[in-house]
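Chemist: Build out the structure end to end from the sequences listed, making use of the hints.
Chain by chain, the residues run as shown.
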Amino acid sequence: MRYIPITQADKAAMLRDIGVSSTEELFAANIPADVRLTRPLQLPPAITEMEILSHVAELTKSNANLQDYACFLGGGAYDHYIPSAVDTFLRRGEFLTAYTPYQPEISQGVLQVIYEYQSMVCALTGMDLSNASMYDGASALAEAAGMVVAQTGRKKVVIAGSVHPNYRRVVKTYMHGIGVEVVEAPLDHCELDLNKLAGLITEEVAGFIVQQPNFLGHVEQVRAIEAMVHAKGGLYVVCADPISLALLEAPGNYGADIVVAEGQSLGNAPSFGGPYLGVMATREKFARRIPGRIVGATLDTRGQRAFVLTLQAREQHIRREKATSNICSNEALNALAATVYLTLVGKEGLREVANLCVQKAHYAAARIAKLPGYQMACKSAFFKEFTVNCPKPADEINKLLLGKKILGGIPSSVDYPHIPNAMTIAVTEKRTKGEIDALVAALGEVK
Amino acid sequence: MSTVPLIFEKSTSGKRAITFPRCDVPEVALESLIPSELLRQKPAALPEVSEIEAVRHFTQLSRRNHGVDVDFYPLGSCTMKYNPKVNEEVCRMPGVGFAHPLQPAETAQGNLKMLHTMEQWLCEVTGMDRMTLQPAAGAHGELTGILLIKAYHESRADLARKKVIVPDSAHGTNPATAAMAGFEVVSVKSNADGSVDLAALREVVGADTAALMMTNPSTLGLFDPNVTEVAAIVHKAGGLVYYDGANMNAIMGYARPGDMGFDVVHLNLHKTFSTPHGGGGPGSGPVGVKKILEPFLPVPVVQMQGEQYVWDWNRPQSIGKVHGHYGNFGVVARAYAYCLAYGPELKEVSEYAVLNANYIMAKLRDYYDLAFDRFCMHECVLSAKTLRNEHGVKTLDIAKRLLDEGVHPPTIYFPLIVEEAIMIEPTETEDKATLDRFIDAMQRIAKEAKEDPERVKSAPHTTVVGRLDEALAARKPNLRYRGD
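Sequence order for the protein chains is C and A. According to this note's numbering, the first sequence is numbered sequentially starting from 6. According to this note's numbering, the second sequence is numbered sequentially starting from 40.
Don't read these hints as lab results, they were simulated from the structure. Each residue gets a CB set at the ideal place from its N, CA and C atoms; glycine is no exception. Honestly, I wouldn't trust all of these hints.
[Unchecked claim] Residues on chain A that point at chain C, a partial pick, calculated with CB under 10 Å:
| no. | residue |
| --- | --- |
| 1 | Pro86 |
| 2 | Glu128 |
| 3 | Ala196 |
| 4 | Tyr398 |
| 5 | Tyr406 |
| 6 | Leu409 |
[Stated by the list, open to error] These stretches of chain C come out as covered by chain A in the derived footprint (C-beta under 8 Å, 3 or more residues):
| no. | region |
| --- | --- |
| 7 | 34-45 |
| 8 | 252-261 |
| 9 | 331-338 |
Modeler: Below you can see the structure in the form of structure tokens.
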């Protein structure tokens, strides 16, 4: 068989050493007859490596993909450039085929990468400590909601209606489990209505969750919100875009207690939605409350600096039902991608990426807003995404764009019915002026 | 070289690796676009290195790490099997790795079809009716599964069911999951062979039982002979039965949780279906259910509508979403390739996994204590109790001595119900020579423990670092680089 390297001679010798005449005896000794499957599995016959490659290529060849289409979709999954060296390390078997570094003496590679990752996350977010990664931005946000509930003992969480709709769904799913009420704060156009928010933040609220920039692309008044939340003794959770943090203020500098981010944009392929990278960082005072693995530096018996999983008394394998979360496997390989990415682009490169996004997004917005029938859905500032009202429903427009090999923006109709014909357009550093002009021209053809 | 400086310590101001094209649209001052109070005052202190320095740094680090590609990795309960390289090509194909999750479904039909097909195949392997591929890992699957059970009881207004029963041999994720879903955890003791103690179970089940979570084969690597009885007892009390698929590599094609009476099953594609563990993740934890739980599955569900595959969001009883998109699609694509490579011969995977584990047990039974003396399934549990009592050499020492042999040690001190446990899962992808080399090392260490115990207790001797001061790490947490 393909990946089974035992020969028939090996098998015979092994059975002899075990003292049985067939593997069937081993199964018969374990599995009662009444639960045995007595027919073969109904699966298509095995095929070879060559056939697997041609099968999947054939299956997926009709998919639109970001190598053939100019992508203006965002919403937490962005078409940022991935430097060549990133994949070199994702394919290194020493990283790829290892598990959680339980044996630190032979896992210093992964452990040091995670320590460097945690250091970079802290540098970007302005926070004191980061965990080793979580499943994705949405589930990390849900875990943050659980953290503020556990920390404050309060049973209500308020979340901005401008947070990614899917993230809000995940937060609600998790909070339903522990009987916590989730209240959505309403919007004024494309940003939070601060007057209405003030009425929602009470002393019963464990925490408030904001996304910066928000799902519609626009910036929130994060400093004013901070004062409101902390005045009532709640905790402040900020869901940030990591690329934006090169230019936008670090949440640690405006009072965030927990920062969560979707780390896909840091060197991870869009991959139809996963695997992505859940980033989570917090203040030192919550070190024993944060879920997930954490790596720390220590010394070995020879007095050398070395790295090890630490503060494990929070985790499920030690604390069982009293653990801060059930998380075990995380997204270490995606954290490796982020670490290599941030190393390659470096301090100046990340600012360049962010600036290119801002400039191109504003160029696109200005041109689109001048088209007849299109207007910006709100006046507030934005980073690399913005929302425009269109003359027709966005999914109809997107159908026209597809014919020109353009993936248009996210239609707002389902999640933001107050702007039914709007579209949220993302522009990364990869979009050329030519592609943006083509988008504008195509939008201009919509009647 | 026994330490590698941090990438931050290699940083020199002004060095660059990647540069970007000049801005091709008219540039505007940032301050005119974004209010200054929202702009960053001080750049993030990221490293500044050249490309070759970056590449050498991460290559050096990779050489300080053990993986399945390097050598044997018999970490019990983790199924560290070979991760086929073709799977890495499949997940990087343009339509797979470079598809956007929010692109219209009609432009991603290949991927929806792949998800739909995978769901059917995994249902066939497990004997379930429907499956969600949204959970991103095993524990995430557990949470999803237990929330499905919660939704089921709530839909019947059966609100008194506040307890989840978990055997004391279970993985820590089981009780942690039940607590995260708002349940009280009731621990039930196991028999010496890791099976559920039926008398103890009968005592704790009742009108407050929401579910029982069970791993079968158990964490002792033994199939529970009373599994159908266990399911019947819980069902009779009105509870549902949850199957932790951590040990699915033992039974593919031989038995199916659906046929044993389980209502919910989670799989670990990163264990059983050969996707790489990545240094701790990503994984994928699909959850299969019987018909009664289908209405509660996370949204969206892939459905066939005529000739088209569509996302079905209109599911009013759904628990909602557990992941920002559709789960770890890139991992599912790798597992899809693995299923194509085996088809119905997945049964041979389990056959050889069980053969290899029993071979190791047979060869080591005279050197270590057996947790339980019976043919095992895909993993065997030994104990160093006698070596500890007579020579002061503990399981931890044996594990550290194995590091000098170039293999990853087995899982140690788990399951908790076995003293000085050594849990060995060789998987089906090892050749006999590798198994024999491991067996030889384990036998030599057992002898050395008697003849020169200090040599074992002071191991490892050949690794890049010695044993670590874990107490110091926890007492004085140093969790990030802080500059000079």
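Chemist: Are the hints correct? Go through all of them and say.
Modeler: Structure-based check of all given hints:
no. : hint    : verdict
1   : Pro86   : 6 Å, holds
2   : Glu128  : 6 Å, holds
3   : Ala196  : 16 Å, violated
4   : Tyr398  : 4 Å, holds
5   : Tyr406  : 14 Å, violated
6   : Leu409  : 14 Å, violated
7   : 34-45   : holds (count 9)
8   : 252-261 : holds (count 5)
9   : 331-338 : holds (count 8)
Of the numbered hints stated above, those contradicted by the structure are hints 3, 5 and 6, listed in ascending order.
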